[in-house]
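Protein sequence lines correspond, in order, to chains A and B.
This note's numbering numbers the first residue of the first sequence as 607 and each following residue consecutively.
This note's numbering numbers the first residue of the second sequence as 607 and each following residue consecutively.
Quick caveat, the hints were computed from the structure, so don't treat them as lab data.
All values reported here derive from a predicted model rather than from experimental measurement.
C-beta: ideal position from N, C-alpha, C; glycine also.
Mixed in with the good hints there might be a few duds.
[Unchecked claim] To be clear about the criterion: a stretch of chain B counts as covered by chain A if any three or more of its residues have a C-beta under 8 Å from a C-beta of chain A, and this derived list gives those stretches: (1) 681-694; (2) 719-728; (3) 771-778; (4) 820-834; (5) 837-845.
[What the hints assert, rightly or not] Beyond 12 Å from chain A on every Cβ pair, some chain B residues (computed): (6) 630; (7) 631; (8) 660; (9) 741; (10) 768; (11) 848.
Listed here are the chains, written in short residue letters.
Number of protein chains: 2
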Amino acid sequence: MTYCVGMQLDAGLIFMSDTRTNAGVDNISVFRKMFTWEAAGERVITMLTAGNLATTQSVVSQLEERNKRPADRRPSILEAPSMFQVANIVGETLRDTIRSGAMSGSEAESKFDATIILGGQILGSPPRLFLIYPEGNFIEASADTPFFQSGETKYGRPILVRAYDPRMSFAEAAKLLMVSFDSTLKANLSVGLPFDLQVVPAGTCRVGFETRIGADDPYYNEISRGWGAALKQAFKSLPEYSVPLENE
Amino acid sequence: MTYCVGMQLDAGLIFMSDTRTNAGVDNISVFRKMFTWEAAGERVITMLTAGNLATTQSVVSQLEERNKRPADRRPSILEAPSMFQVANIVGETLRDTIRSGAMSGSEAESKFDATIILGGQILGSPPRLFLIYPEGNFIEASADTPFFQSGETKYGRPILVRAYDPRMSFAEAAKLLMVSFDSTLKANLSVGLPFDLQVVPAGTCRVGFETRIGADDPYYNEISRGWGAALKQAFKSLPEYSVPLENE
């Protein structure tokens, strides 16, 4: 499985993804799921991939190759005039890749499906964030749905829903993502460290900050320990239920 | 879907279940998922059902009928000598019911599967808690795995994992369950109020307290509001991540 989050803030976009891929529980590997294309100052495009690894790697490679062969019939995401067009290109590539895998007639143990969170900014337009489905269509983030999760989304969702605020700084948002990822990691073996974190400040059309958070990251460990204690404290602060027992 | 939790404490057993059943999103009903058989002071048996409603209702009815016809070839859960035997009877009934549904040859839109959390105490033995699978086999709670969830388990799990303590009072445990159910309710349409709550104090072999928590329950509403605020406060209390941006 996987856990990825892309989030829209007033300050820009922030992305986080884990790196664990597994086929069963004994075939575990580390693969990057965050991919970025950048023409610094003109455009920045980031993709977080979830699902069948062969599918997502193929999609990334196809997008990559087209950037090198601009004469290709299919357009390059580095030349698309808008993020909407980029989402269209990525969606079509994803759909065609899944279809060709499925049409080969071979029966795979796991499906060829994959989902992509796509975000970025092209000079002259605001930052945009999309969730692209295996069918190639997509939805866009809005004020009502300002973040997308993919993969193992449930464990880490309650804290996102409760604590998200569009006016958050990147520092606060990074903290929120770490808490959400930590809750997921604690509950599910198929999501694993290291995590990739990336920040794209609005208006810059470039990656503002990017880092990989490993098991020895002091901040992540502080959050992981601290969140357990803070959660217990929060729980303790609520009034107790009255359970009227006859024998008490 | 459904959300049920059965929890073992030093003080005894505590159970909570929601009441929403749905086939799709427009065929929603309220059905009780908590069933109790009691010979007060001698034994108390509580079941929380999740899965196909026709299957679980059939299982409950069969168990119920056997209590009224003790001459039946199949044993009654009110006469079984131990909770292990009760779990065996329930498991076999569940498996046979699922099998007969599946063997009828009819293709149903949803599977006939169901899962049952079973807990209780028979005089002379300690309280015991089981999770019974559709196959009829089961696992028992232990110090390492002191609670079972069924249905939509993921949203409400992180707080259970972090805040559970076997030395909790029933009042604290009820609070914990309300927080866990509230997190699930907030995230998933297929889990709904009212909730059923039941407490079985160790050694009494009877239901100590039972109530239904509706949408207008003042305590639940206080917890629901208070938990959001407490969670935000807990989140705020953690140190922020340092995001070094060039332009800041």
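Here is how each hint holds up against the structure:
1. Counting residues of the stretch 681-694 of chain B whose C-beta sits closer than 8 Å to any C-beta of chain A gives 0, which falls short of three, so the coverage hint is violated.
2. For the stretch 719-728 of chain B, the stated coverage by chain A is not satisfied: 0 residues place a CB nearer than 8 Å to a CB of that chain, which falls below the threshold of 3.
3. With 4 residues having a Cβ less than 8 Å from any Cβ of chain A, the stretch 771-778 of chain B passes the three-residue criterion, so the hint holds.
4. Counting residues of the stretch 820-834 of chain B whose C-beta lies closer than 8 Å to any C-beta of chain A gives 6; at least three are required, and the coverage claim holds.
5. Coverage of a stretch by a chain is defined here by at least three residues with a beta carbon nearer than 8 Å to that chain's beta carbons; for the stretch 837-845 of chain B and chain A the count is 8, and the condition holds.
6. With a minimum CB-CB distance of about 20 Å to chain A, residue 630 of chain B clears the 12 Å threshold, and the non-interface call stands.
7. The claim that residue 631 of chain B is not at the interface with chain A holds, since no C-beta of that chain comes within 12 Å of its own (minimum 18 Å).
8. Taking the minimum C-beta to C-beta distance to chain A, about 27 Å, the non-interface status of residue 660 of chain B holds against the 12 Å cut.
9. Interface exclusion of residue 741 of chain B from chain A stands, the closest Cβ pair being 21 Å apart, more than 12 Å.
10. Chain A draws residue 768 of chain B into its interface by the beta-carbon criterion, the shortest separation being 5 Å against a cut-off of 12 Å.
11. Against chain A, the non-interface label of residue 848 of chain B is violated: not every CB pair exceeds 12 Å, the least being about 7 Å.
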